[in-house]
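S.K.: This is what each chain is made of:
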Amino acid sequence: MKVGDLLKVSLMVGAVFVGPKITLAEEFLTVDEAQKVLWQSATMNPVDVDLTKEQMKSIKKSSDVRVINSKMRVWKTVDGGWFIVDKVIGKHENMDVAFALTNKGRVKGVEILNYYETYGWEVKNPKWLHQFVGKGSEEHLKLDKQIKNISGATLSCRHITDAVNRITHTWDQVLRNL
Amino acid sequence: MLNQVKRCKPLLGTFVEVSVVLGSSEDEINDVVQSIFDSIENMEKMMSYYDQSSEVFKLNKYGYNNFIEVSEDLLKVLKFSLKLGEVSEGLFDITVAEKMVVRKLIKDFGFDYEENSSYKDIIIEGNKVCFTKRTFIDLGGVAKGYIVDKAMKSFLDSELDIVINAGGDLKMNKWRGKKAQIRIPNKKKLDKFIEVDMANSSIATSAGYNKDILAIFNKKKNSFEKSVDSISVFAKDCMTCDALTKILFMLDKKDKMLSEFDVTAFSLNKLGEKNVY
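Protein chains in written order, with our numbering: chain A, 1 to 178; chain B, 1 to 277.
Okay, chain A solo, but in the shape it has when bound (with noise of 0.2 Å):
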């Protein structure tokens, strides 16, 4: 998916708000080009994968961290490594974050797909957020490719730890017996 596809947000026009403002993005890797950084060339197949609500608490439970998202994109490789694409939701950041788990479970790579922070407006919930990324179109955001040399960093990495640990729980509940 390309980040131009996640990046279509709608403008309530009319509405008591608008959507949230993206102020920042970069592109980094698509879902292909990570495949082929963080398994080079070993083939791997998609696995269609739904947690059930019980997964999801259980899940929840030993990482303690909050499992949004029922539907994930994972793919096996035939040696029996794993391709995740997930997404990283914080307080004014939101990413598309790639991880490579080996066949026993350990965490053998990540890669941050694409990122963007939305600020200027008051995004308390991130389930909410979530509903307006890659939906709806009245307004699409043009993205400078440029790249931006930012110094003054905001973004933390504790989405990325904590969605680690969900990951790698999620392989040890669900994924190895798959």
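No lab work stands behind these hints: they were computed from the structure.
Check the hints yourself; a few may be wrong.
The following label-pair restraints were derived from C-beta to C-beta distances [claimed, not checked]:
no.	chain 1	residue 1	chain 2	residue 2	range
1	A	Thr52	B	Glu195	48 to 58 Å
2	A	Thr161	B	Asp157	34 to 44 Å
3	A	Asp79	B	Lys220	54 to 64 Å
4	A	Lys36	B	Asp108	32 to 42 Å
5	A	Asp48	B	Lys174	44 to 54 Å
6	B	Thr264	A	Glu54	54 to 64 Å
7	A	Arg158	B	Lys178	43 to 53 Å
8	A	Ser62	B	Asp108	19 to 29 Å
9	B	Asp108	A	Lys60	47 to 57 Å
10	B	Tyr50	A	Glu54	28 to 38 Å
11	A	Asn45	B	Asn3	26 to 36 Å
12	B	Asp108	A	Asp79	37 to 47 Å
13	B	Arg134	A	Arg158	25 to 35 Å
14	B	Lys220	A	Arg158	25 to 35 Å
A virtual CB, placed ideally from N, CA and C, is assigned to each residue, including glycine.
Starting from the structure of chain A, add chain B where the hints point.
M.R.: Leaving out everything else, chain B in the frame of chain A:
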């Protein structure tokens, strides 16, 4: 047609972006980007406070009254940190790790600590390091810059156009004529930036942004610095930038420090007004 590769990984407690541009094959560029990330990951494993197999962790655990052999890279960072301690008259002190633990900014591994210990209790002999008092260190204020420098080292004269950005510790091999964006430290408007011309190959910025208190402990005031303005430093190497942003926060008179390390610096207030030191 120009090929460009941009990758971003969660490393060094932040997000490290590497971008490379060249009119050459994408495979060649990918190899360069990978070697930069490999270098950063290796250095992180060596200098991490958290990684229990790191050299820093080993020093913190066994360094009291024992001479521990360390790598050339860690030695360089330690020597530079001790020099900064001297020049700043103790303002820069890698043993403030204990204060970070008390404030829960870093994890408590139960390392021994004596209240009056300081950087002066770290002795270096050859490639060995010893703590003469019970203390422990965190290189969070300096190692990230060194790691960026090290990752770029092989490519300083390369024809490739390379940018490494480790959460705002930014280094470019072809910096002349380039610009950097500095985030304005206004927590209500964090989407605003000013653009500055690169004045050297490296720049780092420190600010609290969302937080009121910085992770910079001022031993003389016995308190953490409050976050108001941001401070950015330009220097030839990123390690100097990284460390000096912290020291300049604590210094009222900054001239001596700027000339000692041959750097230029400026602050930015919440209105986006720049003040060159």
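S.K.: Each hint needs a verdict: does it hold in this structure or not?
M.R.: Evaluated hints:
Checking the proposed 48 to 58 Å range against Thr52 (chain A) and Glu195 (chain B) shows it holds: the Cβ atoms sit about 50 Å from each other. Thr161 (chain A) and Asp157 (chain B) have their C-beta atoms about 37 Å apart, which keeps the hinted 34 to 44 Å range intact. The supplied range of 54 to 64 Å is met by Asp79 (chain A) and Lys220 (chain B), whose beta-carbon atoms lie about 58 Å from each other. Distance hint check for Lys36 (chain A) and Asp108 (chain B): the Cβ-Cβ separation is about 41 Å, which falls inside the suggested range of 32 to 42 Å.
In this structure the hint that Asp48 (chain A) and Lys174 (chain B) lie 44 to 54 Å apart at CB holds, the actual value being about 47 Å. The given range of 54 to 64 Å is respected by Thr264 (chain B) and Glu54 (chain A), whose C-beta atoms sit roughly 59 Å from each other. A C-beta distance of roughly 31 Å is found between Arg158 (chain A) and Lys178 (chain B), which places it outside the suggested range of 43 to 53 Å. Restraint check, Ser62 (chain A) to Asp108 (chain B): a C-beta distance of roughly 24 Å satisfies the suggested window 19 to 29 Å.
For the pair Asp108 (chain B) and Lys60 (chain A), the supplied restraint of 47 to 57 Å is violated, since their beta-carbon distance comes to about 26 Å. Under the hint 28 to 38 Å, the C-beta atoms of Tyr50 (chain B) and Glu54 (chain A), about 33 Å apart, fit the expected range. In this structure, Asn45 (chain A) and Asn3 (chain B) meet the distance hint of 26 to 36 Å, their C-beta atoms being roughly 30 Å apart. Look at Asp108 (chain B) against Asp79 (chain A): about 40 Å separates their beta carbons, and that is inside 37 to 47 Å.
Between Arg134 (chain B) and Arg158 (chain A) the beta carbons are some 31 Å apart, a value that agrees with the proposed interval 25 to 35 Å. At about 31 Å, the CB distance of Lys220 (chain B) to Arg158 (chain A) agrees with the hint of 25 to 35 Å.
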